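*Asks:* Chains as they are written, first to last, in my numbering: chain C, 412 to 528; chain B, 2 to 113.
To be clear, the hints were calculated from the coordinates, so they are not data collected in a lab.
Predicted model only: the values in this text are computed from it and were never measured.
Among the clues, some could well be false.
[What the hints assert, rightly or not] Derived lysine to aspartate or glutamate pairs resembling DMTMM-like cross-links, with alpha carbons at most 20 Å apart: (1) K43/B <-> D497/C; (2) K455/C <-> D40/B; (3) K482/C <-> D497/C; (4) K455/C <-> D28/B; (5) K2/B <-> E479/C; (6) K110/B <-> D28/B; (7) K2/B <-> E425/C; (8) K100/B <-> E425/C; (9) K43/B <-> E516/C.
[To be verified] Examples of chain C residues lying across from chain B (beta carbon under 7 Å, computed): (10) P419; (11) Y421; (12) L456; (13) G464; (14) P492; (15) L495; (16) D497; (17) S498; (18) A499; (19) L502; (20) G520.
From the three backbone atoms N, C-alpha and C, an ideal C-beta is built for every residue, glycine too.
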Amino acid sequence: EAGVAQSPRYKIIEKRQSVAFWCNPISGHATLYWYQQILGQGPKLLIQFQNNGVVDDSQLPKDRFSAERLKGVDSTLKIQPAKLEDSAVYLCASSPNFAGPLWNEQYFGPGTRLTVT
Amino acid sequence: KQEVTQIPAALSVPEGENLVLNCSFTDSAIYNLQWFRQDPGKGLTSLLLIQSSQREQTSGRLNASLDKSSGRSTLYIAASQPGDSATYLCAVKGSGTYKYIFGTGTRLKVLA
């Protein structure tokens with residue numbers, strides 16, 4: 412079974428530029444998560460999708476961050492414009508079902524390391 | 002607001018030692034607690050998941066315990082090996098919420 416795919420793996424941009432990250436979850440997984448992990452900290456949930464609907468985006472800085480999952484499969488996270496403090500690893504995860512014990516199993520991708528200069 | 006703390010932040014041990022990693026949380030109303038492993042430059046790998054009704058879970062050389070009343074979980078690693086070197090994260094899912102709150106992790110180095 413293929414894992415969660417993310418691209419690019421690394422990105423360096425200047426502040427005020429825009430950037431987009433892509434995630435393809437495990438086939439059949441209904442729930443998709445985007446996390447931000449700043450160096451030395453644990454991951455922080457930015458947004459959670461159930462199919463193509465948003466379940467939780469309470470910690471997403473909506474003035475500069477946006478995310479979509481139009482067909483309920485892959486997802487894109489965008490930052491526009493980027494700030495220095497956005498330097499972090501952006502992790503995508505997916506899980507099989509919204510309810511039941513399997514919901515708790517999150518499968519993570521390798522992440523995208525963003526450096527804003 | 003749930004807060005998750007992991008102590009120590011870093012740990013270095015010789016190969017073969019048994020070790021304990023600690024995780025504490027402020028709100029005992031949790032749905033479950035999960036331990037993850039993160040290797041440098043990689044995503045997270047789930048190690049053990051403990052439901053709120055359980056006291057412990059075991060997988061191979063790993064054993065995780067949960068004491069909700071005191072807001073604590075421990076991850077016990079038996080007979081540590083250099084391949085165990087990684088960052089270990091605990092995450093707590095609160096009752097009635099959809100998301101995990103992660104600790105800051107313990108960076109473990111096992112010396113050969």
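*Asks:* Decide, hint by hint, whether the structure agrees.
*Replies:* Hints, verified against the model:
With a C-alpha separation of about 19 Å, the suggested pair K43/B and D497/C falls inside the 20 Å cut-off, and the hint holds. Among the hinted pairs, K455/C with D40/B is consistent with the structure: their alpha-carbon atoms are about 18 Å apart, no more than 20 Å. Between the alpha carbons of K482/C and D497/C the distance comes to roughly 27 Å, so the proposed pair goes past 20 Å and is violated. The straight-line distance between the Cα atoms of K455/C and D28/B is roughly 18 Å, inside the 20 Å bound, and the hint therefore holds.
Restraint check for K2/B and E479/C: not satisfied, since their Cα atoms lie roughly 28 Å apart, outside the 20 Å limit. Taken as a hint, the K110/B and D28/B pair is broken in the structure, with Cα atoms around 30 Å apart against an allowance of 20 Å. With a C-alpha separation of about 34 Å, the suggested pairing of K2/B with E425/C is violated against the 20 Å cut-off. Restraint check for K100/B and E425/C: the C-alpha separation of about 31 Å exceeds 20 Å, so the hint is violated.
Proximity of K43/B to E516/C is assessed by CA-CA distance (about 17 Å); at most 20 Å being required, the pair is judged to hold. Checking P419/C against chain B by beta carbon gives a least distance of about 13 Å; that is not within 7 Å, so the hint is violated. Interface restraint check for Y421/C: the shortest CB-CB distance to chain B comes to about 9 Å, outside 7 Å, so the restraint is violated. Interface restraint check: L456/C against chain B, minimum CB-CB distance 5 Å, threshold 7 Å, status holds.
Restraint check, G464/C versus chain B: the minimum CB separation of about 12 Å is more than 7 Å; hint violated. For the restraint placing P492/C at the interface with chain B, the shortest Cβ-Cβ distance is roughly 27 Å, beyond the 7 Å limit, so the hint is violated. The interface hint given for L495/C is broken, as the beta carbon of that residue sits about 21 Å from the closest beta carbon of chain B, more than 7 Å. Given the 7 Å rule on beta carbons, the hint for D497/C is violated: about 19 Å separates it from the nearest Cβ of chain B.
Evaluation of the S498/C hint against chain B yields a violated restraint, the C-beta minimum of about 15 Å exceeding 7 Å. Given hint, A499/C at the interface with chain B, is violated; its Cβ is 13 Å from that chain's nearest Cβ, farther than 7 Å. Among the interface hints, the one on L502/C holds; its C-beta lies about 6 Å from the nearest C-beta in chain B, closer than the 7 Å criterion. Because the smallest distance between the Cβ of G520/C and any Cβ of chain B comes to about 5 Å, under 7 Å, the interface hint for this residue holds.
When the structure is compared with the earlier hints, violations turn up for hints 3, 5, 6, 7, 8, 10, 11, 13, 14, 15, 16, 17 and 18 and for no others.
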